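Q: For the record, the sequence lines run as chains A and B. The opening residue of the first sequence carries number 1 in the working numbering; numbering runs sequentially from there. The opening residue of the second sequence carries number 1001 in the working numbering; numbering runs sequentially from there.
FYI, nobody ran anything at the bench for these hints, they're computed from the structure. Because the structure is a prediction, the values reported are computed rather than measured. Take the hints with a grain of salt, since some may be wrong.
Result set (DSS-like, lysine-lysine): computed pairs, CA atoms no more than 27 Å apart in a straight line [what the hints assert, rightly or not]: (1) A:Lys39 <-> A:Lys356; (2) A:Lys164 <-> A:Lys39; (3) A:Lys372 <-> B:Lys1304; (4) A:Lys356 <-> A:Lys156; (5) A:Lys372 <-> A:Lys356; (6) B:Lys1058 <-> B:Lys1164; (7) A:Lys156 <-> A:Lys362; (8) B:Lys1304 <-> A:Lys362; (9) A:Lys372 <-> B:Lys1107.
Now the stretches of chain A that chain B is said to cover, found in silico as 3 or more residues with beta-carbon under 8 Å [unchecked claim]: (10) 42–54; (11) 59–65.
Where chain A lies over chain B, by a calculated footprint (3+ residues, C-beta under 8 Å) [to be verified]: (12) 1056–1063; (13) 1080–1093.
Glycine included, each C-beta is placed from N, C-alpha and C at the ideal position.
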Amino acid sequence: MLANYIPAAVDYLRLLPEIIMTVAGTLIMVVEPALGENKRTAFTSISLIAFFAALAAAVRANSIPGTSFSNMLIVDGFATFFRVLVISVGILSVLASSQYLRIEHAASAEYYALLLFSVTGQCIMAAANELIMIFIGLEISSIATYILAGYLRDDKRNNEAALKYFLLGSFATAFLLYGIAFIYGTTGSTNLADIRNYMLTPGTESNVILASTAAALMFVGFAFKVSAAPFQIWAPDVYQGAPAPVTLFMSAGPKAAAFAVFLRVFMTAFLPIATRWEPFVWSSALLTMIIGNFAALTQTNIKRMLAYSSIAHAGYVMVAVAAHNQIGIAAAMFYLAAYALMNIGAFAVVTHFSRKGEAYVKIEDLAGLGWKQPVTAGLFAIFLLSLIGVPLTGGFFGKFYIFKAALDANLVWLAVLGLLNSAVAAYYYLRVLVVMYMQEPGQATVSVQPLSPGITTTLWASALGTLILGIFPSILLNFAQTSSALVK
Amino acid sequence: MTLLNTVIFLPLLAFLIILVLPKDNAGLIRRFSLVASAAIFLVSLGLIGPYWFQSPGKFVLETDVPWIASPSIHYHVALDGISLWLVILTTLLTPICVLVSWSYIDKYVKQFFAFLLLLEFGLVGVFCAFDFFLFYVFWEISLVPMYFLIGIWGHERRIYSAVKFFLYTMAGSVLMLVAIIYLYNAAGTFDYTRILSGLQNGSIALSSQEQLLLFLAFFIAFAIKVPLFPLHTWLPDAHVEAPTAGSVMLASVMLKMGTYGLLRFCVPMFPNAARTCSGWIVTLAIIGIVYGALVAMVQPNMKKLVAYSSVSHLGFVVLGIFTFTQQGFDGAVYQMLNHGISTGALFILVGFLYERRHSLEIASYGGVSTPAPRLSTVFMITMLASIGLPMLNNFIGEYLVLQGAAMVYFRWSVFAALGVILSACYMLWLYQRVFFGKPSEELSHHMPDLNFREYAIIVPLIALMLWMGTFTQSFIPPISASNALILGPIDAGRDIHVRNLQPHAVAGKELANAR
Chain A
1 MLANYIPAAV DYLRLLPEII MTVAGTLIMV VEPALGENKR TAFTSISLIA
51 FFAALAAAVR ANSIPGTSFS NMLIVDGFAT FFRVLVISVG ILSVLASSQY
101 LRIEHAASAE YYALLLFSVT GQCIMAAANE LIMIFIGLEI SSIATYILAG
151 YLRDDKRNNE AALKYFLLGS FATAFLLYGI AFIYGTTGST NLADIRNYML
201 TPGTESNVIL ASTAAALMFV GFAFKVSAAP FQIWAPDVYQ GAPAPVTLFM
251 SAGPKAAAFA VFLRVFMTAF LPIATRWEPF VWSSALLTMI IGNFAALTQT
301 NIKRMLAYSS IAHAGYVMVA VAAHNQIGIA AAMFYLAAYA LMNIGAFAVV
351 THFSRKGEAY VKIEDLAGLG WKQPVTAGLF AIFLLSLIGV PLTGGFFGKF
401 YIFKAALDAN LVWLAVLGLL NSAVAAYYYL RVLVVMYMQE PGQATVSVQP
451 LSPGITTTLW ASALGTLILG IFPSILLNFA QTSSALVK
Chain B
1001 MTLLNTVIFL PLLAFLIILV LPKDNAGLIR RFSLVASAAI FLVSLGLIGP
1051 YWFQSPGKFV LETDVPWIAS PSIHYHVALD GISLWLVILT TLLTPICVLV
1101 SWSYIDKYVK QFFAFLLLLE FGLVGVFCAF DFFLFYVFWE ISLVPMYFLI
1151 GIWGHERRIY SAVKFFLYTM AGSVLMLVAI IYLYNAAGTF DYTRILSGLQ
1201 NGSIALSSQE QLLLFLAFFI AFAIKVPLFP LHTWLPDAHV EAPTAGSVML
1251 ASVMLKMGTY GLLRFCVPMF PNAARTCSGW IVTLAIIGIV YGALVAMVQP
1301 NMKKLVAYSS VSHLGFVVLG IFTFTQQGFD GAVYQMLNHG ISTGALFILV
1351 GFLYERRHSL EIASYGGVST PAPRLSTVFM ITMLASIGLP MLNNFIGEYL
1401 VLQGAAMVYF RWSVFAALGV ILSACYMLWL YQRVFFGKPS EELSHHMPDL
1451 NFREYAIIVP LIALMLWMGT FTQSFIPPIS ASNALILGPI DAGRDIHVRN
1501 LQPHAVAGKE LANAR
């Protein structure tokens, strides 16, 4: 069948966010030599303008939903949700990075270009309708993030983080590709809806084994990207070694996009064999929560502790995936938005506090911050309370909705163990609160610099977002619920 | 904007205002907190209005507006006879706590009073919430300020106690959350009144195993809060290490969240499961009563002694609830209020002693009544109230509970009454060691008698102890009416073991056994 290879104008409109960001990224790199002393402000401005334009384009594209480029891309509520989420993460990352890059004398065009490219890849992942597009988006995002993780090339920890991430990430992507090949061989198509239709047609039951193997292989690839057990080992080292603003970006954006493709692939293409992959996701969710929470209890480095906490939160979202119902998808979407905000906020404080060479990244360095910089510590307290799951924060409602989805799907034990896990988790978040408020300011706190405008904006935006999502979740929840119906 | 909503949200407004007050002007912050909390108390007295000449058992001042569309969560608050007095207890104790902390707190004054008012917001909300999600929100909100109050302004082991308090309580709460979600899936709503009527008229069907598990999930969360033996180990640490105001709010109000939850949610919604478990629950309550009293007797630390006496007294409340009798319920609710007043006063008086002598150990005191006779008098009245002397408040509550217990199994009241005797032991012994005897030179110089502020704190509480003990009819009728509404549907068709049935029986002569 001869496909129509001439894309229509509306196809380009649907791809506009990615086009804008790619052009902007290239532009930044090309224009750099021509800029004078105010390089950094120029980079920040160009990237922010690009991100905001892409955001507007993504919202506009939602009013013309449909598939594009011969069914390779799809723009629906689900795609728009994640596009808006990752672009917002990009905006907050740019804002949070500027002071750090200035202190490290490392502001260059490549940083901002890589951020733009990574977000482009994530947007493609969110809007992908078939497996090759998913792979392309995943690789664009991952390669950009690999380089970002090793950005400060003279720093040994950065190099280690980048190398680990690159090697393990490529290995996991190879699994993903192998799974895609299996599925293509089995069903004759890489389009998600076509795969599902093939598996639903009677007479194809004999191919279920091959399809399940493919699902298992793809599960390995996706689980790596979202740092779910048993593929989470890279996360603590990479999060700790990468520069703090990059960790801020990595913990929110790529993870959200990876969950987006995870949900879309497994809920659209592999839904007919749900009973076969559900036990894997169930066990992975439980193991992830346990490993993440219990390992974080003993950490002294705040980046590593937040890394393990990210792993645990990925576990909570996996619970929603394990529920494989519509409310599970909506719950995962809402939780990823709330999680992105609170994690960005937490890492923004770490970025601000760590100083040159990331000298102060131990938890005990934060001693007395509550009295020296009350606003910073107060906002950090909001993020910590949200991570614990105290009501009136987005983190609580997200967890509540996820466990409601789990109970709807009759996963009572998973819900009970998951909630007990979050009670255990409260300990290590409380420890940071204890250090900030119940100890006298130490040498690290006394010398802390005032908040830069970028970090201030990031902190306030994340805090307000967290509180709004906690007190008035309907704003986002309704959109998530209507969008989740489209993923089928 | 009903009066109830005003009472709930005024503390939140005061909290936000304190946040913007300048932190260097401690005097302004203290005065504002006092005025705000006293104003909230006066406003809350208006809540008594609907009950003034009659005692409706039904809910008054109800607000039910949708909050979150899906799942359908409403902001549903209401007041009934049980929650009325608990709310007023909370609003009464907050200005008293402000006064108690007047000179006691000198570091980070702004944050202290801000947290105190936020705590009041959470506590009042818990007693008024009728939507399970809203109830859970308020329940958890009250944890955070208390955690900070203990952790920042407490004594030496404050961090350990604060973290233990938070984690222990939260672990119970998440089990309750699972039960709430499960109940929503079974009932289709978070609304307590709808779920209750659904369970009672059978339109919501739960198997007996489901009922038992749901009951236990709720029960564990509340039992940790009460605290019921053996889940009480967080209490002595939290009480001892907290600042005085923190101890008062914790003992007088927060512990009542647990017993209130038992009475409002556990027992009416799952009566069969409650009856099945009442045997071992009452056993644990009685063990708590006796064990708490025995351990209190050997404490060298005054605050720890009062903390264990709390465990003992609240065992009475749980005993009263699980007798499933009108007297037991009435006694339990009244004892909640009594304990709030008398134990609150005890903690305040111990705080007064601490402010003078800077020690909580009994051994560093002795003969306080010589330099400070009025303080001693006040402490004596409070202590006697706590023991259960007639004409003071605890006597009424304890008597009703014992009566209710006797109507079910007489041996229950025998064992529980042991607790009354033991409480006399440890309290009188404490009083003797601290107040009687010859004071040392050093003590006499550092023991000024009560000043005006301290009079203002303690006299209302003493007056309440007397009033609640003598003119009990001012308080009991709304409580009884609400309890009758709770008890009605669950009381039908049960066996009552009663020895003395005929009220007009000639003393000692006629004994009727009713089966």
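Q: If a hint holds in the structure, say so; if it does not, say that too.
A: Quick rundown of the hints versus the structure:
Of the supplied pair hints, the one linking A:Lys39 and A:Lys356 holds, its CA atoms being roughly 20 Å apart against a limit of 27 Å. The suggested pairing of A:Lys164 with A:Lys39 is violated, with an alpha-carbon distance near 31 Å, which exceeds 27 Å. Between A:Lys372 and B:Lys1304, the direct Cα distance comes to roughly 34 Å. Violation of the 27 Å bound is thereby established for this hinted pair. Taking the CA atoms of A:Lys356 and A:Lys156, the gap is about 15 Å. The hint holds against a cut of 27 Å.
For the proposed pair A:Lys372 and A:Lys356, the alpha carbon gap of about 20 Å is at most 27 Å, so the pair holds. As the CA atoms of B:Lys1058 and B:Lys1164 are separated by approximately 38 Å, the hinted pair breaks the 27 Å bound. A C-alpha spacing of about 18 Å is found between A:Lys156 and A:Lys362, which places the hinted pair at or below 27 Å, so the restraint holds. With a C-alpha separation of about 36 Å, the suggested pairing of B:Lys1304 with A:Lys362 is violated against the 27 Å cut-off.
A hinted pair counts as satisfied when its Cα atoms are at most 27 Å apart, and A:Lys372 with B:Lys1107 qualifies at roughly 14 Å. Given as covered by chain B, the region 42–54 of chain A fails the check, having 0 residues with a CB less than 8 Å from a CB of that chain where 3 are the minimum. Residues of the region 59–65 of chain A with a Cβ under 8 Å from some Cβ of chain B number 0, which does not satisfy the need for three, so the listed coverage is violated. Here the region 1056–1063 of chain B counts 0 residues with a CB under 8 Å from a CB of chain A, which misses the bar of 3, and the coverage is violated.
Coverage of a stretch by a chain is defined here by at least three residues with a beta carbon nearer than 8 Å to that chain's beta carbons; for the region 1080–1093 of chain B and chain A the count is 0, and the condition is violated.
Consistency note: the structure conflicts with the earlier hints numbered 2, 3, 6, 8, 10, 11, 12 and 13.
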